[in-house]
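Peer 1: Line by line, the protein sequences are chains A and B. Heads up: the first sequence at position 107 corresponds to 112 in the numbering used here, and the numbers run straight through without jumps. Heads up: the second sequence at position 83 corresponds to 84 in the numbering used here, and the numbers run straight through without jumps.
Hints are not guaranteed to be accurate.
To be verified - The following label-pair restraints were derived from C-beta to C-beta distances:
1. A/G194 x B/V25: 23 to 31 angstroms
2. A/W171 x B/V36: 43 to 51 angstroms
3. B/M19 x A/Q146: 25 to 33 angstroms
4. B/R37 x A/Q146: 49 to 57 angstroms
Unchecked claim - One side only, chain A facing chain B, incomplete, derived with CB under 7 angstroms:
5. W171
6. S204
7. G205
8. D206
9. S243
As the list claims (entries may be wrong) - Far from chain A, some chain B residues (derived; all Cβ distances over 12 angstroms):
10. N3
11. H28
12. L40
13. A42
14. E44
15. L46
16. I96
17. W109
These are calculated hints, taken from the structure and not from any lab test. Keep in mind it's a predicted model, so treat the numbers as computed, not measured. Quick reminder that beta carbons are idealized off the backbone N, C-alpha and C, glycines included.
Spelled out, the chains give:
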Amino acid sequence: MGTLKVRVWRGDAAGGEFREYAVPARENQTVLDVVTQIQREQEPDLAYRFACRVGMCGSCAMEVNGRARWTCRTHVKRVAAPGEALDIKPLANLPVIRDLATDMAPFFDKWARAGGTFQPKDAPDGAVPAEFSVVPPESKQRREADAGIECIGCGVCYASCDIVAWNPDYLGPAAMNRAWTLVNDVRDGARRERLEAVSGDAGCHSCHSTQSCTERCPKNLDPSSAIAGLKRTLFWDSLWGRLR
Amino acid sequence: MNARAGRHMWVAQRVTAMFLGVAVLVHLVTIMVAVRGGLSAAEILGRTHGATAWFAFYAAFALAAGLHGAIGLRNIAMEWLGWRGRGFDMAWLGIGVVTALFGIRAAWGLYAS
Numbered sequence: 006m007g008t009l010k011v012r013v014w015r016g017d018a019a020g021g022e023f024r025e026y027a028v029p030a031r032e033n034q035t036v037l038d039v040v041t042q043i044q045r046e047q048e049p050d051l052a053y054r055f056a057c058r059v060g061m062c063g064s065c066a067m068e069v070n071g072r073a074r075w076t077c078r079t080h081v082k083r084v085a086a087p088g089e090a091l092d093i094k095p096l097a098n099l100p101v102i103r104d105l106a107t108d109m110a111p112f113f114d115k116w117a118r119a120g121g122t123f124q125p126k127d128a129p130d131g132a133v134p135a136e137f138s139v140v141p142p143e144s145k146q147r148r149e150a151d152a153g154i155e156c157i158g159c160g161v162c163y164a165s166c167d168i169v170a171w172n173p174d175y176l177g178p179a180a181m182n183r184a185w186t187l188v189n190d191v192r193d194g195a196r197r198e199r200l201e202a203v204s205g206d207a208g209c210h211s212c213h214s215t216q217s218c219t220e221r222c223p224k225n226l227d228p229s230s231a232i233a234g235l236k237r238t239l240f241w242d243s244l245w246g247r248l249r
Numbered sequence: 002m003n004a005r006a007g008r009h010m011w012v013a014q015r016v017t018a019m020f021l022g023v024a025v026l027v028h029l030v031t032i033m034v035a036v037r038g039g040l041s042a043a044e045i046l047g048r049t050h051g052a053t054a055w056f057a058f059y060a061a062f063a064l065a066a067g068l069h070g071a072i073g074l075r076n077i078a079m080e081w082l083g084w085r086g087r088g089f090d091m092a093w094l095g096i097g098v099v100t101a102l103f104g105i106r107a108a109w110g111l112y113a114s
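Chain A extracted, bound-state conformation (with noise of 0.2 angstroms):
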């Protein structure tokens, strides 16, 4: 069995440094394993986050050589040529807490800035309403919020997301894909303050549409065209004067 040559980022908050570990390497390995054979066989202290291993969960994406991915999903050989090392390093455009691990709070507090939260329009205080809303499945409203249901919230966009690299207050692909979802729901009542939300320099209108985000969803996910879809929806709100 030959070994793998890892480089992996040590760190935290106040900076780091890539160290280079030998792992076994095996016809068949994810980047999660090779990063928890050094954690368990190697460095102990070596922080790094993962939950479920399967894809679902989300929690374990990282930057492998280059890109932002799903550790779990991302098996060696697919990234690295026989004999090529592999480089690790924590999730860009977020906070690090120590070594593998970033601080996802910026992420999800812009998820909240963007309305990220559905406001049920027959129960503004949050209670479940008496009837149940009848949504077709097919109606054109209802095929776009799908298209956009399925974000676990890696965060695998906003580390791939130039604009975020440029300015920290941008809202980022995922609460904008969050956003265009409960803008499609016809049982939310707060579209107005969703589309102001997501409005101006911090929101929509910042995309350049270089649609990495949709390019390394590893859901496959569009998030691209949901903020076009705010800034097409943003256009014509703002030239009939729906917006303030």
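Starting from the structure of chain A, add chain B where the hints point.
Peer 2: For chain B alone, coordinates are given in the frame of chain A:
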């Protein structure tokens, strides 16, 4: 950062872009048609002097170009230089209007001379 101002500037830039797309085409076709008979100052003035429609067209053209360019430069300056805030927004708006006024003055010169 004022989200509403950002949104309005974005809308203004898109609307001016739509107008400029048509205006540039009209401008280019006019040039191609105009040069066929030889281009002289007298010929240009013959077409533009007292022609209210041409003046209105070029005044709108200059206004759209001035605003569109200034908003675009504002966005670049925000991202590349970090020039953000109300003061910068006002300055860019001023630059856009001044640029537009230069163009409108030129159009007026052809109209009124």
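Peer 1: Compare the structure with each hint and give your call.
Peer 2: A quick look at each hint next to the structure:
For the pair A/G194 and B/V25, the supplied restraint of 23 to 31 angstroms is violated, since their beta-carbon distance comes to about 44 angstroms. At about 44 angstroms, the CB distance of A/W171 to B/V36 agrees with the hint of 43 to 51 angstroms. Between B/M19 and A/Q146 the beta carbons are some 26 angstroms apart, a value that agrees with the proposed interval 25 to 33 angstroms. Hint check: B/R37 to A/Q146, Cβ distance near 53 angstroms, so the stated range 49 to 57 angstroms holds.
Contact between A/W171 and chain B, as hinted, is supported at the beta carbon level, the nearest pair being about 5 angstroms apart and thus within 7 angstroms. Evaluation of the A/S204 hint against chain B yields a held restraint, the C-beta minimum of about 4 angstroms falling below 7 angstroms. Annotation: interface hint on A/G205 holds; nearest CB of chain B at approximately 3 angstroms, less than 7 angstroms. Taken as an interface hint, A/D206 checks out: its beta carbon lies about 4 angstroms from the nearest beta carbon of chain B, inside 7 angstroms.
The restraint placing A/S243 at the interface with chain B holds, with a minimum CB-CB distance near 5 angstroms, inside the 7 angstroms limit. Taking the minimum C-beta to C-beta distance to chain A, about 7 angstroms, the non-interface status of B/N3 is violated against the 12 angstroms cut. At roughly 25 angstroms, the least C-beta separation between B/H28 and chain A is larger than 12 angstroms, which holds for a residue marked as non-interface. With a closest Cβ-Cβ approach of about 40 angstroms to chain A, B/L40 is found to remain outside the 12 angstroms limit, as its non-interface label requires.
No beta-carbon of chain A is positioned within 12 angstroms of the beta-carbon of B/A42; the least distance is around 41 angstroms. The beta carbon of B/E44 is kept farther than 12 angstroms from every beta carbon of chain A, the shortest such distance being approximately 40 angstroms. Listed as a non-interface residue, B/L46 keeps its Cβ farther than 12 angstroms from every Cβ of chain A; the least gap is roughly 38 angstroms. A cut-off of 12 angstroms between C-beta atoms confirms that B/I96 is not in contact with chain A; the least separation is 18 angstroms.
Remark: the non-interface label on B/W109 is consistent with the geometry, its nearest Cβ contact in chain A lying 30 angstroms away (cut-off 12 angstroms).
Violation of the numbered hints given earlier is confined to hints 1 and 10; the remaining hints are satisfied by the structure.
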